[in-house]
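2 protein chains.
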Amino acid sequence: MNKTVGFIGLGVMGNSMAAHILEAGYPVLVYTRTKQKAEEILNKGAVWQETVKDLSEKADIIITMVGYPSDVEEIYLGENGILRHAKEGAFVIDMTTSKPSLAKKIAEKAKEKSIHALDAPVSGGDIGARNGTLAIMAGGEKEAFEACLPLFSVMGENIQYQGPAGSGQHTKMCNQIAIAAGMVGVAEAMAYAEKSGLNPEQVLKSITTGAAGSWSLSNLAPRMLKGDFAPGFYVKHFIKDMGIALEEAELMGEEMPGLALAKSLYDKLSAQGEENSGTQSIYKLWVK
Amino acid sequence: MNKTVGFIGLGVMGNSMAAHILEAGYPVLVYTRTKQKAEEILNKGAVWQETVKDLSEKADIIITMVGYPSDVEEIYLGENGILRHAKEGAFVIDMTTSKPSLAKKIAEKAKEKSIHALDAPVSGGDIGARNGTLAIMAGGEKEAFEACLPLFSVMGENIQYQGPAGSGQHTKMCNQIAIAAGMVGVAEAMAYAEKSGLNPEQVLKSITTGAAGSWSLSNLAPRMLKGDFAPGFYVKHFIKDMGIALEEAELMGEEMPGLALAKSLYDKLSAQGEENSGTQSIYKLWVK
Chain A
27 MNKTVGFIGL GVMGNSMAAH ILEAGYPVLV YTRTKQKAEE ILNKGAVWQE TVKDLSEKAD
87 IIITMVGYPS DVEEIYLGEN GILRHAKEGA FVIDMTTSKP SLAKKIAEKA KEKSIHALDA
147 PVSGGDIGAR NGTLAIMAGG EKEAFEACLP LFSVMGENIQ YQGPAGSGQH TKMCNQIAIA
207 AGMVGVAEAM AYAEKSGLNP EQVLKSITTG AAGSWSLSNL APRMLKGDFA PGFYVKHFIK
267 DMGIALEEAE LMGEEMPGLA LAKSLYDKLS AQGEENSGTQ SIYKLWVK
Chain B
27 MNKTVGFIGL GVMGNSMAAH ILEAGYPVLV YTRTKQKAEE ILNKGAVWQE TVKDLSEKAD
87 IIITMVGYPS DVEEIYLGEN GILRHAKEGA FVIDMTTSKP SLAKKIAEKA KEKSIHALDA
147 PVSGGDIGAR NGTLAIMAGG EKEAFEACLP LFSVMGENIQ YQGPAGSGQH TKMCNQIAIA
207 AGMVGVAEAM AYAEKSGLNP EQVLKSITTG AAGSWSLSNL APRMLKGDFA PGFYVKHFIK
267 DMGIALEEAE LMGEEMPGLA LAKSLYDKLS AQGEENSGTQ SIYKLWVK
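Residue numbers (this note's numbering), protein chains in the order written: chain A, 27 to 314; chain B, 27 to 314.
This is chain A alone, in the form it adopts within the complex (with noise of 0.2 Å):
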């Protein structure tokens, strides 16, 4: 018999790749803060907690998609938390983009009461999370990784195990790291083409192809240039993750000019109002 999952965090991704649990068979328990947004998850079959308590007590495996570092250390951490509650020989899989430090704190309170954590974070995005095809990264003890496998391929496709606790976290901190400084690139390229008087969707098809492609250069330059800021990865997100990153570099004695100034431009367009809009938007700090 399939185990039973307890999936916490029913936001535009959770609520995905809950659905794809359920979908592959498991009972699916639910438990997010806003009750409104697992309407959806409830009519497919996954059955309502009111609490994380009530939850961690009869699940099996606990899956957590929150929002920041501080919602996931309390909702481990916490007096009504998973550690608290979790049974002996749980698995607790933390997908959300948090902390590296906080990954491995709870990993090892986790094995103070004989529950397996996971530090497992994803990239795709919406679009990966609906057509599960995820790339999760992820951390922890081997066994624990492989023994949740089955779980993780019924959401994500790319599926690699980096390392001891903390190791998905800091991956997914080389993606972000990666990304930033690249978006600073690809709007400043973008802008150059359209003051320079140039076409730049004409540009595109130049430029696409080559040394300078990228995924964001396929995917959202197209969208600076047509105006849609509708986000596909929130402003507000992305600052969340950079900052993380920043903090953990520091700790590493490593100097990241290109990460620090794509917050820093990242800083100033969501002073400008746009903390909800999607990351393409850092457009409009050079074209209105």
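Be aware that one or more of the hints could be misleading.
Since the list can't tell identical chains apart, any single copy or any two copies may satisfy a pair.
Claimed, not checked - In silico DSSO-like pairs for lysine-lysine, Cα to Cα no more than 30 Å straight-line:
id: 1; residue 1: K310; residue 2: K79
id: 2; residue 1: K310; residue 2: K135
id: 3; residue 1: K135; residue 2: K294
id: 4; residue 1: K289; residue 2: K70
id: 5; residue 1: K262; residue 2: K252
id: 6; residue 1: K79; residue 2: K231
id: 7; residue 1: K289; residue 2: K231
id: 8; residue 1: K139; residue 2: K231
id: 9; residue 1: K231; residue 2: K168
id: 10; residue 1: K294; residue 2: K139
id: 11; residue 1: K131; residue 2: K231
id: 12; residue 1: K310; residue 2: K266
id: 13; residue 1: K262; residue 2: K63
id: 14; residue 1: K252; residue 2: K137
id: 15; residue 1: K221; residue 2: K289
id: 16; residue 1: K137; residue 2: K231
id: 17; residue 1: K131; residue 2: K262
These are calculated hints, taken from the structure and not from any lab test.
Using the hints provided, position chain B relative to the given structure of chain A.
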């Protein structure tokens, strides 16, 4: 009968490009500063010219692929240069990455002498040149572009007309701008992976296929990790290109902080003796 093509500048790129033209059946005249570099192409049947003047007087189409804007200026506008000696009705095509403003100036002077000028820089590097798969981004009069299309097709695959004189160079600047900040992001991501104790090769398996994916991440990050800093594209040439782009951006009144940061990091790298290394050597600023 095929028109006679004069090719000036036989570096790594020029040699491959001229060879494709020769193989396509055009008579090819060549000139380059260091005659030794012409040896291979002369063995294949190209005909040596002692001066730019000699070549210009005989060729129907003249292609230049030299180093710096100062070289372009001298070769086109100098006393013994192309525009002074080329035949009426000739086509002259500068494929060097050079200044948009210089391309415009050349086009104007050419027009006065009933010579058709195009600026048509390329991307795709030594491999693209060798395989005849360059991206060619062209500026100038549309009719001249169309007349030269069969010749472009011999050297490249993604051939795009971008607008009036200077538009090819402007498009190439967009290409370099997108690469510039992107390289910083790739190097920082790899440095973070290394310093946080991850296995960077394993990290690449997680992040190259998603939203962080780019040509640089797929092709240059593995070289960074292997310590392979051999030039695909020289640091010194990238610095030249970024310098042109920054100058042009300033003329437009645009700030390009990502580009400026990338250039300052590459300047630093160059000062450390890496000017003849490949652009992936930027990694050395983080990991020795």
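Do the hints match the structure? See the list:
no., hint, in the structure
1, K310 with K79, "neither (44 Å within a copy, 49 Å between copies)"
2, K310 with K135, "neither (44 Å within a copy, 38 Å between copies)"
3, K135 with K294, "neither (38 Å within a copy, 45 Å between copies)"
4, K289 with K70, "neither (40 Å within a copy, 54 Å between copies)"
5, K262 with K252, "within (22 Å within a copy, 36 Å between copies)"
6, K79 with K231, "neither (54 Å within a copy, 36 Å between copies)"
7, K289 with K231, "both (29 Å within a copy, 25 Å between copies)"
8, K139 with K231, "neither (56 Å within a copy, 33 Å between copies)"
9, K231 with K168, "between (44 Å within a copy, 17 Å between copies)"
10, K294 with K139, "neither (44 Å within a copy, 51 Å between copies)"
11, K131 with K231, "between (48 Å within a copy, 26 Å between copies)"
12, K310 with K266, "both (20 Å within a copy, 28 Å between copies)"
13, K262 with K63, "within (20 Å within a copy, 55 Å between copies)"
14, K252 with K137, "neither (50 Å within a copy, 37 Å between copies)"
15, K221 with K289, "both (24 Å within a copy, 21 Å between copies)"
16, K137 with K231, "between (53 Å within a copy, 28 Å between copies)"
17, K131 with K262, "within (25 Å within a copy, 46 Å between copies)"
Comparing the model with each earlier hint shows violations of hints 1, 2, 3, 4, 6, 8, 10, 14; every other hint is respected.
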